[in-house]
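**Q** Once you have looked at the hints, place chain C on chain A.
Line by line, the protein sequences give chains A and C. Here the first sequence is numbered in this note's numbering, starting from 1 and rising by one per residue. Here the second sequence is numbered in this note's numbering, starting from 347 and rising by one per residue.
Keep in mind that the hints were calculated from the coordinates and are not lab data. Do not take every clue at face value.
As the list claims (entries may be wrong) - To give an idea of the interface, some chain C residues facing chain A are shown, with a C-beta separation under 8 Å as derived from the structure:
| no. | residue |
| --- | --- |
| 1 | Gly473 |
| 2 | Arg478 |
| 3 | Thr482 |
| 4 | Leu657 |
To be verified - Calculated from the model, a selection of chain A residues having no Cβ within reach of chain C, i.e. all distances over 10 Å:
| no. | residue |
| --- | --- |
| 5 | Arg60 |
| 6 | Ala105 |
| 7 | Gly127 |
| 8 | Thr131 |
| 9 | Leu207 |
| 10 | Asp208 |
| 11 | Pro263 |
As the list claims (entries may be wrong) - Per the computed footprint, the stretches of chain C lying under chain A, defined by three or more beta-carbons under 8 Å from a beta-carbon of chain A, are:
| no. | region |
| --- | --- |
| 12 | 436-442 |
| 13 | 449-458 |
| 14 | 496-510 |
| 15 | 616-630 |
The model shown is predicted, which means the values in this text are computed figures rather than measured ones. Built from N, CA and C at the ideal position, the CB exists for glycine as well.
Protein chains: 2
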Amino acid sequence: MKKEGSLGEFDLIRRFFQPREAEGAGAAGVILGIGDDAALLDLPAGTELVAAVDTIVAGRHFPHGTDARSIGHRALAVNLSDLAAMGATPAWATLALTMPGVDAAWLERFSTGLLHLARANGVVLVGGDTTRGPLTVSVQLMGHVPRGAALRRSGADAGDLLAVTGTLGDGGAGLAFSTAPPEARPRDRDRDGTGTGTGNLDRAAVLDLIHRFEYPTPRVEFGVAARGLATAAMDLSDGLVGDLPKLAQASGLGAHVAVERLPLSAALTRVATPEQARDWALAAGDDYELLLAVPARRFAALEAAAARLNLRLTAIGELVSGSAVTWSLNGAKFVPAVRGFDHFMD
Amino acid sequence: MKKEGSLGEFDLIRRFFQPREAEGAGAAGVILGIGDDAALLDLPAGTELVAAVDTIVAGRHFPHGTDARSIGHRALAVNLSDLAAMGATPAWATLALTMPGVDAAWLERFSTGLLHLARANGVVLVGGDTTRGPLTVSVQLMGHVPRGAALRRSGADAGDLLAVTGTLGDGGAGLAFSTAPPEARPRDRDRDGTGTGTGNLDRAAVLDLIHRFEYPTPRVEFGVAARGLATAAMDLSDGLVGDLPKLAQASGLGAHVAVERLPLSAALTRVATPEQARDWALAAGDDYELLLAVPARRFAALEAAAARLNLRLTAIGELVSGSAVTWSLNGAKFVPAVRGFDHFMD
Numbered sequence: 001m002k003k004e005g006s007l008g009e010f011d012l013i014r015r016f017f018q019p020r021e022a023e024g025a026g027a028a029g030v031i032l033g034i035g036d037d038a039a040l041l042d043l044p045a046g047t048e049l050v051a052a053v054d055t056i057v058a059g060r061h062f063p064h065g066t067d068a069r070s071i072g073h074r075a076l077a078v079n080l081s082d083l084a085a086m087g088a089t090p091a092w093a094t095l096a097l098t099m100p101g102v103d104a105a106w107l108e109r110f111s112t113g114l115l116h117l118a119r120a121n122g123v124v125l126v127g128g129d130t131t132r133g134p135l136t137v138s139v140q141l142m143g144h145v146p147r148g149a150a151l152r153r154s155g156a157d158a159g160d161l162l163a164v165t166g167t168l169g170d171g172g173a174g175l176a177f178s179t180a181p182p183e184a185r186p187r188d189r190d191r192d193g194t195g196t197g198t199g200n201l202d203r204a205a206v207l208d209l210i211h212r213f214e215y216p217t218p219r220v221e222f223g224v225a226a227r228g229l230a231t232a233a234m235d236l237s238d239g240l241v242g243d244l245p246k247l248a249q250a251s252g253l254g255a256h257v258a259v260e261r262l263p264l265s266a267a268l269t270r271v272a273t274p275e276q277a278r279d280w281a282l283a284a285g286d287d288y289e290l291l292l293a294v295p296a297r298r299f300a301a302l303e304a305a306a307a308r309l310n311l312r313l314t315a316i317g318e319l320v321s322g323s324a325v326t327w328s329l330n331g332a333k334f335v336p337a338v339r340g341f342d343h344f345m346d
Numbered sequence: 347m348k349k350e351g352s353l354g355e356f357d358l359i360r361r362f363f364q365p366r367e368a369e370g371a372g373a374a375g376v377i378l379g380i381g382d383d384a385a386l387l388d389l390p391a392g393t394e395l396v397a398a399v400d401t402i403v404a405g406r407h408f409p410h411g412t413d414a415r416s417i418g419h420r421a422l423a424v425n426l427s428d429l430a431a432m433g434a435t436p437a438w439a440t441l442a443l444t445m446p447g448v449d450a451a452w453l454e455r456f457s458t459g460l461l462h463l464a465r466a467n468g469v470v471l472v473g474g475d476t477t478r479g480p481l482t483v484s485v486q487l488m489g490h491v492p493r494g495a496a497l498r499r500s501g502a503d504a505g506d507l508l509a510v511t512g513t514l515g516d517g518g519a520g521l522a523f524s525t526a527p528p529e530a531r532p533r534d535r536d537r538d539g540t541g542t543g544t545g546n547l548d549r550a551a552v553l554d555l556i557h558r559f560e561y562p563t564p565r566v567e568f569g570v571a572a573r574g575l576a577t578a579a580m581d582l583s584d585g586l587v588g589d590l591p592k593l594a595q596a597s598g599l600g601a602h603v604a605v606e607r608l609p610l611s612a613a614l615t616r617v618a619t620p621e622q623a624r625d626w627a628l629a630a631g632d633d634y635e636l637l638l639a640v641p642a643r644r645f646a647a648l649e650a651a652a653a654r655l656n657l658r659l660t661a662i663g664e665l666v667s668g669s670a671v672t673w674s675l676n677g678a679k680f681v682p683a684v685r686g687f688d689h690f691m692d
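Bound-form chain A, shown alone (with noise of 0.2 Å):
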């Protein structure tokens, strides 16, 4: 029976996640959306369909007692940066949402920040099925590439540099400080006179890092922009030394990066020593930047596509003849000691 004041599952998808009528009417390619068993779509002549799906799973991706607006924003974050990854544009998602009850507060701020970082993208939602369980956030993106451009982890050759955009290890590091006890955190120990920043400074440069975390910035339009140019790519949300060797083994080659050449953050340079700063960029998840591959030639191209999206691309390394992915610090052989984070091994 129906208990007083309680919303049924078609109440709730409604109230939340219809679409108001100015953004879902005409909504580019939305024949039909939420509201029937399934929804209709229209894909551009001249394209592939491109679906990727990732869940977010509470006390495992995400901090338990994470604001809800930045669990909306990283769910749907997680696929816009699969889709960028292969150089595809974003159009259509559902929302598979298991949470543990009604609670009117917590779903308003998660749809907030689902369907804010939707609009940015030029993403509509178009189904969803809520459930009663622990909280688990599935979301599906759907988007298009025009024929054959799909940017893919196996068209790199030996030669092609690789890059990668942003900076890495903020995401990471942002979340060790948002579930870290503050005695613990670099810019405490900064007070003590044993770091480099002032206290004030340090304060402002966590809190960027678990804005980084808690807002990634997925980059689709650089992927858009990375068509033609580079030849393969793949997203960074596992950490660079567990996801490099997948693109090098898609491609067929192995890879070298010289570690002292990975980009890092004003921020995490300020709150961390070298060393920790070093391996949050080398095998922290959660940064949401690209890994690319492109012929030396076209690295300038690449740079400045990247440029014109305030975006900084660095080369940090090659693809190599063979299967051996290899690391040097300032010219000396290294060896990682961390591994990418892989949602079964912790």
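**A** Chain C in isolation, oriented as in the chain A frame:
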């Protein structure tokens, strides 16, 4: 760190869900399947993309301890039923699987159940995401329908007949029998001479009903056949009492159902009282039958299409002007005492 003998996420997906070469190679419309950041799919010319998502949770949509093969089957069946209700041809699925740990025997049975039903319906699994957490299974299914030909909930006209496929109530009864203590099962009561069947007959009927719950057959071929004949359709996964008002409302109409016409299986009538059978047929979910609106002049053609698939089609009432959904039993006004299954309601 990687634990000895455990499987990484990547290995898991490959081992259990990547179609074997003979099935995956050249599967219809799959340009790039599992193994990259996203799948690349080729939508047939002249079609619209159809997408649905559904989640099933242990203890909510199936009893704890349910055979993993049934869980895999039902996770896909619920989505196949949604696409059947649109008259769509299913093509590609993605899976978001959250589970407490890696249990190879469980995964083997789960993937067998899911992939067997997928093959039977021409569906290829093109993406997956596995995460540790409480058992939750989300499947998104994509397919296609000729441009403009989809069956919606909103297309019915006043005077159209209401028809249902198959028989109703079997899934609900099967669920009840599979979870009831032995002494509460009708076949045991019947042994005391208060029922109509013999112990042996009833045992077979109960097993039939449990099988209907565990391995429902979504009406995919019939959904395709109903295009151009039915004016509206939806699937009955949540029960007639809960679902019919949605179709009526979407079409801007009311509806009337003659409850004595609800099609009941021989198995159900053998093990349940008429009142129990009626309640299950009216309100239980899990039947995965279709509810359709069809002009009276086209009912015979729709019935013939069903017969070609060895499927029963039964007229149970009609759409009427206004907005009231009413029920009668042998000519007398009838008020269902039960309401449709709602995943936030019990």
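**Q** Could you run down the list of hints and mark each one as holding or not?
**A** Tested hints:
The beta carbon of Gly473/C is positioned within 8 Å of a beta carbon in chain A (closest approach about 5 Å), and the interface hint is therefore held. Taken as an interface hint, Arg478/C checks out: its beta carbon lies about 5 Å from the nearest beta carbon of chain A, inside 8 Å. With a least beta-carbon distance of about 5 Å to chain A, the hint placing Thr482/C at the interface is held under the 8 Å criterion. Interface hint at Leu657/C: violated, since its Cβ lies 18 Å from the closest Cβ of chain A, which is beyond the 8 Å cut-off.
Its beta-carbon lying about 6 Å from the closest one in chain C, Arg60/A breaks the requirement of being farther than 10 Å from that chain. The claim that Ala105/A is not at the interface with chain C holds, since no C-beta of that chain comes within 10 Å of its own (minimum 16 Å). Some Cβ of chain C comes within 10 Å of the Cβ of Gly127/A; the nearest lies about 5 Å off, and the non-interface call is violated. The Cβ of Thr131/A sits about 5 Å from the closest Cβ of chain C, inside the 10 Å cut-off, so the non-interface label is violated.
The claim that Leu207/A is not at the interface with chain C holds, since no C-beta of that chain comes within 10 Å of its own (minimum 28 Å). The claim that Asp208/A lies off the interface holds: its Cβ sits roughly 27 Å from the closest Cβ of chain C, which is beyond the 10 Å cut-off. Non-interface call for Pro263/A relative to chain C: holds, since the shortest CB-CB distance, roughly 21 Å, exceeds 10 Å. A stretch counts as covered by a chain when three or more of its residues have a beta carbon under 8 Å from one of that chain; for the region 436-442 of chain C and chain A the count is 4, and the coverage holds.
Residues of the region 449-458 of chain C with a Cβ under 8 Å from some Cβ of chain A number 0, which does not satisfy the need for three, so the listed coverage is violated. With 4 residues bearing a CB less than 8 Å from a CB of chain A, the region 496-510 of chain C meets the requirement of three and the coverage assertion stands. Note: the region 616-630 of chain C has 0 residues with beta-carbon separation from chain A under 8 Å; the three-residue rule is not met and the coverage is violated.
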